[in-house]
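Chain A is fixed; fit chain X onto it per the hints.
Quick note, the sequences are listed as chains A and X, same order.
If you use this note's numbering, the first sequence corresponds to residues 1 to 440, in order.
If you use this note's numbering, the second sequence corresponds to residues 1 to 440, in order.
Note that these hints are calculated values from the structure, not bench results.
Predicted, not measured: the structure shown is a model, and the values here were computed from it.
The C-beta atom is built at its ideal place from N, Cα and C for all residues, glycine as well.
Where hints are given, some of them may not hold.
[Said to hold, decoys possible] Negatives, chain X to chain A, calculated, CB over 10 Å:
no., residue
1, Ser57
2, Asn292
3, Leu334
4, Val363
5, Leu415
[To be verified] If we take Cβ atoms under 10 Å as the criterion, some of the chain X residues that face chain A in the derived model are:
no., residue
6, Trp18
7, Ser30
8, Gln61
9, Thr115
10, Leu121
11, Asp133
12, Ser184
13, Ala259
14, Val264
Number of protein chains: 2
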Amino acid sequence: MTTPSTPRRVEGISLDPWYNSYADRTAGLSASEVRALFAVASRPEVVSLAGGMPYVSALPQDVLNGSIERVMQEQGPVALQYGGGQGVGILREQILDIMALEGVRGSADDVVITTGSQQALDLVTKLFVNPGDVVLAEAPSYVGALGVFRSYQAEVAHVLMDDEGIIPESLRETIANLRAAGKSIKLLYTIPNFQNPTGVTMSFARRAEVLEIARSNDILVLEDNPYGLLHFGTPAPHAMRSLDDDGVVYLGTFSKTLAPGLRVGWALAPHGIREKLILAAEAAILSPSVFNQLIISEYLNRTDWMAQIETFRETYRVRKEAMISALGEYLPKLSWTDPGGGFFVWLNLPPHLDSKAMLPRAVKELVAYTPGTAFYADGRGGNHIRLSFCYPQPDFIQEGIRRLATVINGELELLNTFAQTGPLHLSQRHNVIAPPPNIG
Amino acid sequence: MTTPSTPRRVEGISLDPWYNSYADRTAGLSASEVRALFAVASRPEVVSLAGGMPYVSALPQDVLNGSIERVMQEQGPVALQYGGGQGVGILREQILDIMALEGVRGSADDVVITTGSQQALDLVTKLFVNPGDVVLAEAPSYVGALGVFRSYQAEVAHVLMDDEGIIPESLRETIANLRAAGKSIKLLYTIPNFQNPTGVTMSFARRAEVLEIARSNDILVLEDNPYGLLHFGTPAPHAMRSLDDDGVVYLGTFSKTLAPGLRVGWALAPHGIREKLILAAEAAILSPSVFNQLIISEYLNRTDWMAQIETFRETYRVRKEAMISALGEYLPKLSWTDPGGGFFVWLNLPPHLDSKAMLPRAVKELVAYTPGTAFYADGRGGNHIRLSFCYPQPDFIQEGIRRLATVINGELELLNTFAQTGPLHLSQRHNVIAPPPNIG
Numbered sequence: 001m002t003t004p005s006t007p008r009r010v011e012g013i014s015l016d017p018w019y020n021s022y023a024d025r026t027a028g029l030s031a032s033e034v035r036a037l038f039a040v041a042s043r044p045e046v047v048s049l050a051g052g053m054p055y056v057s058a059l060p061q062d063v064l065n066g067s068i069e070r071v072m073q074e075q076g077p078v079a080l081q082y083g084g085g086q087g088v089g090i091l092r093e094q095i096l097d098i099m100a101l102e103g104v105r106g107s108a109d110d111v112v113i114t115t116g117s118q119q120a121l122d123l124v125t126k127l128f129v130n131p132g133d134v135v136l137a138e139a140p141s142y143v144g145a146l147g148v149f150r151s152y153q154a155e156v157a158h159v160l161m162d163d164e165g166i167i168p169e170s171l172r173e174t175i176a177n178l179r180a181a182g183k184s185i186k187l188l189y190t191i192p193n194f195q196n197p198t199g200v201t202m203s204f205a206r207r208a209e210v211l212e213i214a215r216s217n218d219i220l221v222l223e224d225n226p227y228g229l230l231h232f233g234t235p236a237p238h239a240m241r242s243l244d245d246d247g248v249v250y251l252g253t254f255s256k257t258l259a260p261g262l263r264v265g266w267a268l269a270p271h272g273i274r275e276k277l278i279l280a281a282e283a284a285i286l287s288p289s290v291f292n293q294l295i296i297s298e299y300l301n302r303t304d305w306m307a308q309i310e311t312f313r314e315t316y317r318v319r320k321e322a323m324i325s326a327l328g329e330y331l332p333k334l335s336w337t338d339p340g341g342g343f344f345v346w347l348n349l350p351p352h353l354d355s356k357a358m359l360p361r362a363v364k365e366l367v368a369y370t371p372g373t374a375f376y377a378d379g380r381g382g383n384h385i386r387l388s389f390c391y392p393q394p395d396f397i398q399e400g401i402r403r404l405a406t407v408i409n410g411e412l413e414l415l416n417t418f419a420q421t422g423p424l425h426l427s428q429r430h431n432v433i434a435p436p437p438n439i440g
Numbered sequence: 001m002t003t004p005s006t007p008r009r010v011e012g013i014s015l016d017p018w019y020n021s022y023a024d025r026t027a028g029l030s031a032s033e034v035r036a037l038f039a040v041a042s043r044p045e046v047v048s049l050a051g052g053m054p055y056v057s058a059l060p061q062d063v064l065n066g067s068i069e070r071v072m073q074e075q076g077p078v079a080l081q082y083g084g085g086q087g088v089g090i091l092r093e094q095i096l097d098i099m100a101l102e103g104v105r106g107s108a109d110d111v112v113i114t115t116g117s118q119q120a121l122d123l124v125t126k127l128f129v130n131p132g133d134v135v136l137a138e139a140p141s142y143v144g145a146l147g148v149f150r151s152y153q154a155e156v157a158h159v160l161m162d163d164e165g166i167i168p169e170s171l172r173e174t175i176a177n178l179r180a181a182g183k184s185i186k187l188l189y190t191i192p193n194f195q196n197p198t199g200v201t202m203s204f205a206r207r208a209e210v211l212e213i214a215r216s217n218d219i220l221v222l223e224d225n226p227y228g229l230l231h232f233g234t235p236a237p238h239a240m241r242s243l244d245d246d247g248v249v250y251l252g253t254f255s256k257t258l259a260p261g262l263r264v265g266w267a268l269a270p271h272g273i274r275e276k277l278i279l280a281a282e283a284a285i286l287s288p289s290v291f292n293q294l295i296i297s298e299y300l301n302r303t304d305w306m307a308q309i310e311t312f313r314e315t316y317r318v319r320k321e322a323m324i325s326a327l328g329e330y331l332p333k334l335s336w337t338d339p340g341g342g343f344f345v346w347l348n349l350p351p352h353l354d355s356k357a358m359l360p361r362a363v364k365e366l367v368a369y370t371p372g373t374a375f376y377a378d379g380r381g382g383n384h385i386r387l388s389f390c391y392p393q394p395d396f397i398q399e400g401i402r403r404l405a406t407v408i409n410g411e412l413e414l415l416n417t418f419a420q421t422g423p424l425h426l427s428q429r430h431n432v433i434a435p436p437p438n439i440g
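Okay, chain A solo, but in the shape it has when bound (with noise of 0.2 Å):
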């Protein structure tokens, strides 16, 4: 080590020298409530209702191995070499026949294939979002999402929903509020199939009529489809850039319904867009991976993929069905959402309660959950809970719902005692009235 002529600023309150250098965005890089739960979570005897991970070992291994050992005895140095910025083609046409079932179509050219769909947000907003511009997205909204828009010192603007998706008065009071206040609406972020945290699907009347406002606004629609295809009966209404070519980028995956492994999703973009989409990728990555391009390729080309996702789908109404009747047995007084496909069942709290402030008395009782305030990026959602049905047996499941039965309905007994002998919330009611000395 060279000893240094002058030293390294040091910072009073920080361990870190390069404290002072951050660009500005990094204010808003902080660690998701998800992401803390990740640790947690994945202990063995803790049943986690947190994460949102596929359930893959419903793949067929030997098919999928297959397709690995086809790509690379056919093509091995193409799938090992760098490829194009925007994708293999083949690909791209294949990616057309999927969105073709909800009633996309477009342009293989249009088609921009990124690591995960994760990505395709980030390049996105990257393309749209100055410091302060404001994105809409709806209350709840995905976390890694939101941890996006901030990460570009985006405003996010919750936008209300009910059980038929984005309220449409909602959404226009918003955008007036935010044009009378001088910001630049840039980008409206929807889920519209099988929402992630809700579950709640935009009725076919809603798309329209909030793709019309976005419209009349010249507010870009990013619609995001994870889930679209996994329902369970009923298929979801046409996507929303079915009705709108121009004002949509439509955002897909295949870590839902094949792999999340292998990080391969995409955007379709209105062809005005997908240039500068494809040079910022390009600056991001250079290349998506060629090997994993070419094994879904393959994947698509020589199986039933439409009855792996059957299989997938019936997983997980199996599993939403034990859930839901879990919490009707166990939590007979609370009220959730029921999805028509997806992951997940968001549950509304007794009034008073905290799901943050549960949290870690489910996680000794070996359960977990998300509270429902990662997924607003204005501190609310503590009254909520984001259950995800997607990974645990249909008998974990019903254990891990019976577990947070036992928590909640600890917190209320918690609640009841206090509401009867004193203060509500010791804390909040210190902030009104001083307790008496005998008390603080």
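Relative to the frame of chain A, chain X by itself:
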């Protein structure tokens, strides 16, 4: 298609209705000259000395197939699932062994695995660069890094180099001038080993001196080392990171020692930085491909990967010799670098030749190269050419240089003709004195 109530904005000169919506940073997005060459260079009759594609056909495909099979057999469901944002722990440990070959010691905790080292470049820039901040880079430097810096609105200031790498006086002077102009200098980007595009290796004394200058000016060094292990007999000096744990972010990759199609690279960050780097990586892609990471881990674990690197060294050494010998034979009056490793030779053209303008003529003669202008942020480099010897077989390299000599000699003849009979460059002369009517 719903009929829009308000027509979407239409620009007079743009077919893109979102023309006015893009973020300011998109002004820096433009297709690189290397990218434009891809289509041309891939025609089989063209000898491409343009790209930087490793010769993956030299890989033992059966061995690689074995690694893939074992991963799927023994860890299939793990490989196909989401992973941690920082990357797989065992691979991070193995990466320490690889870096140790170049003198770097660190903790697996401080390694972040990325989608190729390109993504690490992107993330580090995102963490540190505000619009208008300066990134210092060698003159010339890697085109893909310049693209990343532009995409975050950095100003790139080039620092002169000679055959020992960055010239310390030039670095001091550049820093002083930028500081005097009130600029904030965030990063010094350097490729110390077998540099892209010049092939130059920074001497050990220079490494220490450059680090000392960076340290005393609070500038973080971004050390990019894709080619370090691919030397032709004499190893490069120890990495700069081996001299300074807190002042250097070190970037490595499996793209050149194994296969770029897997898209696995990494950053070894100072401890204070790595947490932010992980958060930025998670925001961008959630996690790198576990499948690809485990394949590489298995490959490193079960095969004699150093022997494979030896094979690559010998392959590239023979090709480099072929190129240098052909240059001596066909272009004896020119000068070029003679790299001790890596993929590239930097050719100096005779005065008044323009490598960018000459390229179409070269392609017509069925040889492709990268004009030197691609490697500067400021338009310099027109008098230089980057020649890659990594991909074509030696006899193709020789034929490529022969064709290039034909082009260069043709240009020189043209130049001499004009030098004897009239203006050197018609267009240039045109700007000074109007030509007589019979020439115009």
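Self-check item: Structure versus earlier hints - violations, ascending order
Solution: 1, 2
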